[in-house]
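Listed below, chain by chain, are the residues.
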Amino acid sequence: MRIPFQGDFLSRLAVVLLAILLLLGFVGPSLPVGDPAAIAFGPRLSPPAPGWLMGTDNLGRTMLPRVLQGIRITFVLATAPVLITSVLAVVIGMLAGYLGGWFDELVARLADVLFAFPSLLLGLILVAIMGPGVRGITAAIILITLPLMVRVVRATTLSIASRDYVAASRVSGASLPRLLLVHLLPNIAGAVVVQATFTISVSMLIESGLSFLGIGVQPPVASLGSLVQNGSVYLVQAPWLALAPGFFLAVAIFSVNLLGDGLRDRLDPLEAHGLK
Amino acid sequence: MPADAVVSLRSAGVTFSSGPPWDRESLDAVGTVDLDIHRGETVGLVGESGSGKTTLGRVCLGMQPPSRGAVLIDGAPFDGHRGRLRGRLQIVGQHPEWALNPRLRVGTSVAEPMAIMGIGTRAEHRKRVGVMLEMVGLEASLAGRFPHQLSGGQRQRVAIARSLITDPSFVVFDEVVSALDMSVQAQILNLIKDIQAAQGFAALFISHDLAAVRYVAHRVAVMLDGDILEIAPSERFYGRPAHPYSRQLQAAIT
Amino acid sequence: MKSLLRIEKIAVEYATEGGRLRALDGATLTVAAGETVGIVGESGSGKSTLALTIGRVLPAYARRVAGDILFDEQSVFAHSDSELRAFRRDELGFIFQNPVSALDPTMRVKYQLAHILDLKSSDPAIMSHLERVGLKDVERVANRFPHELSGGMAQRVVIALAIARGPRLLIADEPTSSLDSTIRDQILELLFSLPAQTGATLLLFTHDLRSVAKYCDRVAVMYGGDVIENGLAEAVFSRPLHPYADALLKAAPGAEAIGGKIEAIPGRPPILRERSERCPFAPRCTWVVDLCRKQRPASEIIAGRLVSCHRAEERATAAPAQLVKGANNAS
Numbered sequence: 000m001r002i003p004f005q006g007d008f009l010s011r012l013a014v015v016l017l018a019i020l021l022l023l024g025f026v027g028p029s030l031p032v033g034d035p036a037a038i039a040f041g042p043r044l045s046p047p048a049p050g051w052l053m054g055t056d057n058l059g060r061t062m063l064p065r066v067l068q069g070i071r072i073t074f075v076l077a078t079a080p081v082l083i084t085s086v087l088a089v090v091i092g093m094l095a096g097y098l099g100g101w102f103d104e105l106v107a108r109l110a111d112v113l114f115a116f117p118s119l120l121l122g123l124i125l126v127a128i129m130g131p132g133v134r135g136i137t138a139a140i141i142l143i144t145l146p147l148m149v150r151v152v153r154a155t156t157l158s159i160a161s162r163d164y165v166a167a168s169r170v171s172g173a174s175l176p177r178l179l180l181v182h183l184l185p186n187i188a189g190a191v192v193v194q195a196t197f198t199i200s201v202s203m204l205i206e207s208g209l210s211f212l213g214i215g216v217q218p219p220v221a222s223l224g225s226l227v228q229n230g231s232v233y234l235v236q237a238p239w240l241a242l243a244p245g246f247f248l249a250v251a252i253f254s255v256n257l258l259g260d261g262l263r264d265r266l267d268p269l270e271a272h273g274l275k
Numbered sequence: 000m001p002a003d004a005v006v007s008l009r010s011a012g013v014t015f016s017s018g019p020p021w022d023r024e025s026l027d028a029v030g031t032v033d034l035d036i037h038r039g040e041t042v043g044l045v046g047e048s049g050s051g052k053t054t055l056g057r058v059c060l061g062m063q064p065p066s067r068g069a070v071l072i073d074g075a076p077f078d079g080h081r082g083r084l085r086g087r088l089q090i091v092g093q094h095p096e097w098a099l100n101p102r103l104r105v106g107t108s109v110a111e112p113m114a115i116m117g118i119g120t121r122a123e124h125r126k127r128v129g130v131m132l133e134m135v136g137l138e139a140s141l142a143g144r145f146p147h148q149l150s151g152g153q154r155q156r157v158a159i160a161r162s163l164i165t166d167p168s169f170v171v172f173d174e175v176v177s178a179l180d181m182s183v184q185a186q187i188l189n190l191i192k193d194i195q196a197a198q199g200f201a202a203l204f205i206s207h208d209l210a211a212v213r214y215v216a217h218r219v220a221v222m223l224d225g226d227i228l229e230i231a232p233s234e235r236f237y238g239r240p241a242h243p244y245s246r247q248l249q250a251a252i253t
Numbered sequence: 000m001k002s003l004l005r006i007e008k009i010a011v012e013y014a015t016e017g018g019r020l021r022a023l024d025g026a027t028l029t030v031a032a033g034e035t036v037g038i039v040g041e042s043g044s045g046k047s048t049l050a051l052t053i054g055r056v057l058p059a060y061a062r063r064v065a066g067d068i069l070f071d072e073q074s075v076f077a078h079s080d081s082e083l084r085a086f087r088r089d090e091l092g093f094i095f096q097n098p099v100s101a102l103d104p105t106m107r108v109k110y111q112l113a114h115i116l117d118l119k120s121s122d123p124a125i126m127s128h129l130e131r132v133g134l135k136d137v138e139r140v141a142n143r144f145p146h147e148l149s150g151g152m153a154q155r156v157v158i159a160l161a162i163a164r165g166p167r168l169l170i171a172d173e174p175t176s177s178l179d180s181t182i183r184d185q186i187l188e189l190l191f192s193l194p195a196q197t198g199a200t201l202l203l204f205t206h207d208l209r210s211v212a213k214y215c216d217r218v219a220v221m222y223g224g225d226v227i228e229n230g231l232a233e234a235v236f237s238r239p240l241h242p243y244a245d246a247l248l249k250a251a252p253g254a255e256a257i258g259g260k261i262e263a264i265p266g267r268p269p270i271l272r273e274r275s276e277r278c279p280f281a282p283r284c285t286w287v288v289d290l291c292r293k294q295r296p297a298s299e300i301i302a303g304r305l306v307s308c309h310r311a312e313e314r315a316t317a318a319p320a321q322l323v324k325g326a327n328n329a330s
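If you read the sequences in order, they're chains A, B and C. Under numbering that gives the first Met the number 0, the residue at position 233 of the first sequence is numbered 232, and the numbers go up by one with no gaps. Under numbering that gives the first Met the number 0, the residue at position 198 of the second sequence is numbered 197, and the numbers go up by one with no gaps. Under numbering that gives the first Met the number 0, the residue at position 296 of the third sequence is numbered 295, and the numbers go up by one with no gaps.
It is worth saying that the hints were derived from the structure and are not from the lab. What you are looking at is a predicted structure, and each value in this text was computed from that prediction instead of being measured. Be a bit skeptical, because a hint or two may be false.
Claimed, not checked - As a list, the in silico EDC-like pairs of lysine to aspartate or glutamate whose alpha-carbon atoms are at most 20 Å apart: (1) C:LYS260 - B:ASP193; (2) C:LYS260 - B:GLU40; (3) B:LYS192 - C:GLU262.
Claimed, not checked - To give a feel for the contact side, a few chain B residues facing chain A, derived at Cβ under 8 Å: (4) GLY79; (5) ARG81; (6) GLY86; (7) GLN93; (8) LEU99; (9) ARG102; (10) GLU111; (11) PRO112; (12) ALA158; (13) SER162; (14) LEU190; (15) LYS192.
Stated by the list, open to error - Reference listing, derived: stretches of chain B covered by chain C, where coverage requires no fewer than 3 residues with Cβ under 8 Å from a Cβ of chain C: (16) 65 to 77; (17) 207 to 213.
Glycine included, every Cβ here is placed at the ideal spot set by N, Cα and C.
Next comes chain A alone, as it looks inside the complex (with noise of 0.2 Å):
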């Protein structure tokens, strides 16, 4: 198989990484590693040993497929809500940027008010109206993402948008829409795919860190960080039940980072050209 990023051992790395987390959070619970529901599936709290290779936790539960399910998950909602905030950044930063003049400023206002506040804090509001669970998380995380990256997308239509190509279709009489889709979004669009990947990395420890703090993904369901959250209350007598998910939820974010340091070198205009 060819691997992307020919010569860059991080970026390869980080792909790697990445995929190998991929098949094990999606493939692996369809694995004969047991029913992760499954109470008193083997003893309580047993360190790892054959029949459950990651232990068992306080319900006598095998980690082996919690685990992977929580890496699914994880993924899954740290993922699914970047796509969100990718999409609504760059439609209201591509305008701001643009238009500028009253939207911009607003934008640029509200913003700046959102930046305010600590990222925890703002999740901790958000769950307490939207009550605990899946719909609180995704709320949390696309409204403390949201500033930066239009941000991101706002500075780099500006820089675009002042390029020769776009006032020459301009001044042609190009619309609006020709003008956004056919001259800006193409080439900002680099920009925010390296945001994005950050982000995702951003969300992965908002909801953890949700999940940590209880107020996260709900059981049954599971994410890494609610693992964690289960695990560290045995921290002492079973370091395993918090380690586990601990040590592939550092994995995850650190290869998700290193990907966009990867992408950013090759895909983002400003850092590639603009800025040197």
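For this one, chain A is given, so just place chains B and C on it according to the hints.
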């Protein structure tokens, strides 16, 4: 007003303001300018960076509404609606690396003004693009390439081809040669001069370089701090320009 | 006059993502003490690389592959690290294109001068250094940060820093191209007053033929990483022997008659990957003959200057009318 003025500025000026409403700072980018650009002539606009010449070019194209005074394009006051003017006005800019959308093939970029006007079929576009590319001294086969495969000079030629594909009545050339190598600058200056003579559109040639301006233009306007100090036939700028500042500019090139 | 700087067949290559780039391809130039030399070339001619190579301030991905540069008969490549630092500090003064970015943005002007001169910032000698470069109101300038200065003032400060320790060689790389044209002449006047004032030698690297013609004793024209013509400015500008030098002069607007035409050079400058075995200008030259494509011309003394062209001899003796035609049928 002579009947053949394509673009006329009537006491036009632009004031930029910035900062919050309670602490507005304003700057007169263009003071008060009267200027007629006629069919078949190139007006050169020379001035230092910050003299307002790029802003003046944008006013002439209706991209920058004047804060005072009026702009008449094709004899009618410009009201902000481009519909009537689609394909009539064009601009070629300074940066060869940004002249063309990097995601589009050269041919698509050149044909864009036709697409915007909604004229011609795809085949007609292709044919006309070939004609235009040859007119600016390139091979028609370049239409299938992407901009990054072209040199800076080639990209400026493509931008010129795009600007002329709809037979515009007015073209602004804004510092089009300043980022090019000396030997390539001469090629582009000659191209602009020849094509303007052949096609007869009105043109505004903006540059900080008086030598380039007087070479290409029929009349030269000298701009300083937002105002036009002197406007005269370019012959005058080979001899003795009237304004002391113009003479200073001239001293810099001899 | 004895030579201060001898550049001998220097070749420098850059390792880039797109492969090797040969920026200097055997350039040779000798500069006598006290001379002012204009080094003219387009982008890719190697002039900026040459400016950097003299002070050995090339980026890490650049490599000298051949040749040598002798300053005061000593190779700059033979210096140890500490010798190199001393050489740069005491013997060289650099003046770059963008004065504001050449200055330390965090330091007031007087501290930057004090730092270079090893003086206290209150020392009155600092003010005299600023006066020397024609700055008025030196007290105020001394207390400013670089971003508070206009481009012209900042370039004067850069010049003051460059000459502060009395270097013997001043290297100015496009010192006026970021400045407005009305200020350019003032800065060039100042620069070219320095050799007489301090005895320094001045190298002006530029694409601007006009300023070289106006101010320099000698001109060296670079093309394809080589110096292709090098002689007294007056001689070269009045009758360039290398067809490229000739074409370059004719391509610059400014000297044409009213309604006259400038002659553009077709094609564009070469990008070298390895040593050129032919004349680098051959593909664009109107004087080209078969020999030019087969053999690279050696640099020869013709009509009082060094020229690398197979047909320079012929051009030197040709009647002016033949030069204008410039055609291949001349032989």
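So which hints don't hold here, by number, going up? When the structure is compared with the hints, numbers 4, 14, 15, 16 turn out to be violated.
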